[in-house]
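Enquirer: Okay, here's what each chain looks like letter by letter:
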Amino acid sequence: MTVTDATGAETALGSGGSETEGGNQRVMILVEKYALVGLFVVMMLFFTFWSKTSHTFPTRANIKNVLGNQAVIGILAMAIIIPLVCGEFDFSVGSVAGLSQVLCAGFMSRLGAPWPVAVGLAILIGAAIGLSNGNTVARVGVNSLIVTLGIATVLVGVVEWYTKGLSIINRISPSLVHLGTGDWLGIPRTVYYLALVAALVYYMLEHTPYGRYLHSIGSNSDAARLVGLRVERLVLISFVLSGALAGLAGVMLVARNGGASPQLGTVSDTLQALSAAFLGATAIKPGRFNVLGTIVAIFFLAFSVTGLSLAGVANWINDVFNGAALFVAVLISTIIGRRRAGVA
Amino acid sequence: MPEADGRTGDSPLTSQAGPGMAAAPTHSSALRISHISKTFPGTRALDDVSFDIAPGQIHALLGGNGSGKSTLIKILAGVYRGDPGGTFVIGDREIPSDKTAPELARAAGLRFVHQNPAVFPALSVAENIAIGTGFEKMGGSTINWKALRRRTSALLERYDIKASPHTLMRSLRPAERAMVAIARALQDQDEDEKGVLVLDEPTASLPRAEVVRLMLALARYARDGQTILFISHRLDEVIEAADQATVLRDGRYAGTVVGDEITEPNLISLIVGRALDRVFPDMPEVTSTEVALEVRHASGGPLRDVSFQLRKGEVLGIAGLLGSGRSELLKMIFGAYQMRGGEIVLQGTRQHFHHIGEAMRAGVAYVPEDRPGEAAFGDMSVSENFSAALVSRYWSGGRLHHGRADADARQSIKDFFVRTGNERQPLNTLSGGNQQKVILARWLKRQPKILLLDEPTQGVDVNARAEIYSIVSDAVAAGCSVLLVTSDFEELSRVSDRVIVLSQGRITGELHAPDIDPIRLTELAFSTQEAAV
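Protein sequence lines correspond, in order, to chains A and B.
The working numbering puts the first sequence at residues 1 to 344.
The working numbering puts the second sequence at residues 1 to 533.
Just so you know, the hints here were simulated from the structure itself, not pulled from any lab data.
Don't take each hint at face value.
Unchecked claim - Quick partial rundown of chain B residues pointing at chain A, CB under 8 Å, derived from the structure: (1) E103; (2) A107; (3) A108; (4) G378; (5) M380.
What the hints assert, rightly or not - Coverage of chain B stretches by chain A, computed from C-beta distances (three or more under 8 Å per stretch; other residues unrestricted): (6) 344 to 358; (7) 506 to 516.
Note that the structure is predicted; figures quoted are calculated from it, not measured.
Note that beta-carbon positions come from the ideal geometry of N, C-alpha and C, so glycine has one too.
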């Protein structure tokens, strides 16, 4: 029985308020949107002028290095936000990248496959893992966090078995390595790939019906079903896309490093991507997982950590910083969410 | 027949004095509720409600949706605070109406069991009992299971529940589960100084046979001196079990009936009251003989062999209680509920929808009862909520035209009387009535042929209700047919061209305008026998 005696309780939330209140609200919204961008700028200025880092941080080499290295994490973050938008976790993106990496290298090194074939297969295998994840989550109805965490762990084992713990560096196609290293117009090539993927994901999430449907499912999946959306199918596709992008990230690891290492493409990469996604959801479009916010978040995290290590801070700071950022980001998103829902 | 109106300011008990009226002496009340009011912004949920509950009796509290009975219980429980000026007297304690708090209610001896009591099906009876008051400990923090079992056994015996402490909750019958929840609530009660047990619709989700068991148990507890206040929707159980029954209507005290006076006609006349002065628009006359929708022998879920026709431009009401199958019927037509047998014919074509999109394309629209759960995208904008069922309309040339959608939304805000700051605001910043208008508009923008409305005005104030019906009326004038479910039979009788009565999954009656009478509808909905009309 749904009892709705308290008719008036809801009307209390009605719009309105005095003019200054509206003005304050507008300012608050602006602050909310651009706080992370502002923080990013402040952080960059700080490391540029701080005496401990002023001679190492604002250099071309450092900036290029950070940009180039973050492209893979960036693509993983793009992979992870697609299911996140519809309310599902894909905890396997880092491990899928790890598997795709060793397979892509292995196909060339052990089977002598031409690089386009190796790349295509690696991405396809990523998509297939996504399909399996999506099927278990959307059709069987298992909690996505558990499913993908389980698969992630399995993949770590598979990578170990396939590589026997050794890197694969022989017979890697120089053409592929050429695509992954070096610059265009002074900017690392991988940055262009990230930009291209980000643009496509942005377009898909914000400017296609599919993106709108994912947002609707994330907002209220029962309501989404009752406006005619085929929720299961849409969620499943989001996992396939996520898997394929994670596969692409693995390929980029091979291209950038000229080989595959079982130490790369791990759960820790997933965590970094996840931190960025949640931190990104506090910026640009607060309360929503969004591409621009996520990109800002990735570079905010990466430059902060680099600045700190250039200042001679110990290595473990890296993990603490990423973890703390995830914690704070989720905290802020939850508070924003509660305020929007009128709870606070 | 009692005097049906207690709207005068003085004590309702004196103004209600008549045959069978409670002339309860004040000093012997277990709970005395006097002059309780509650104002929410825009509405008066309770208006000067007073009545007494005698000790050791089962006192039923009834009223339609929006009558204020839940608000009253929430104030009593300390969930809300009342407006200042009233008091609750419990035994020898007096609590001002604006000072209620959960701890105070507890200290005064009030015990509450809510509609869906928090029982844990996967835990044992003993664990469920302990979760209310804490586990027995031995020494440090180890649970003393033996002591807990002893205590649980004693409780089960005292409340005559056929279960053992280690039985899993989910293996109990529903009535027993409710009894465990009651025993849990009452376990720390003083044997000699019993307080008041308040049950909020304890039977709402119970099948008939279980209701009987639970009512028998309640009668036993009352004989042992327990005072019970229970809120109910079901007249039969009130007639069966209650010693007194108080009815609220539109936030006001409508009357109390006692003993033999608790009869169906008496209760119904108190619940329905005088004709409401709300204005419902006159729906356009049905002129077409074209059948828009025909349901033939539909079965599935609670529904048994339901058949009816809906003509073009007709408003067909469905009167039924919760659990009668009314919501399932609408969902079935929308392709959102499994149909076991029978068929649905739309405009002469047999339809079998595999998913909701097909029903939508065939011109069916559905506004669900549970707005927050099944209709609203609360954190998405008003504009996105308007266009949720026709996103593809804004997709062309490889992109979604957000600007065009927003422009349409601004127009819809005007057309559908939605009060909102702007179209970009999240939907859940709007009031319930305005959210409902957005959701109604979402579907009407598709120009449906069949509009299925499930409780379209629940939790909505009177003005929004009038606006919602004027919107529906326009759609009907344009040829849309409406299937309307609402618990407010007054509303149903005013808006519908024809009403079918659904009781326990079957159609048990049919009334035609202008002879649709809310009192008759209430009788039919509550009765289980087929009515010859």
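Enquirer: Would you mind marking each hint as holding or not holding in the structure?
Expert: Comparing the hints with the structure gives:
1. Because the smallest distance between the Cβ of E103 (chain B) and any Cβ of chain A comes to about 22 Å, over 8 Å, the interface hint for this residue is violated.
2. Interface hint at A107 (chain B): violated, since its Cβ lies 25 Å from the closest Cβ of chain A, which is beyond the 8 Å cut-off.
3. The interface hint given for A108 (chain B) is violated, since its Cβ lies 23 Å from the closest Cβ of chain A, which is over the 8 Å cut-off.
4. Hint on G378 (chain B) holds. Least Cβ distance to chain A is approximately 6 Å, under the 8 Å limit.
5. Hint on M380 (chain B) holds. Least Cβ distance to chain A is approximately 5 Å, under the 8 Å limit.
6. Remark: the stretch 344 to 358 of chain B is confirmed as covered by chain A, as 3 of its residues place a Cβ nearer than 8 Å to a Cβ of that chain, reaching the required three.
7. Given a C-beta distance limit of less than 8 Å, the hint that chain A covers the stretch 506 to 516 of chain B is violated, as 0 residues qualify and 3 are needed.
Comparing the model with each numbered hint stated earlier shows that hints 1, 2, 3 and 7 do not hold.
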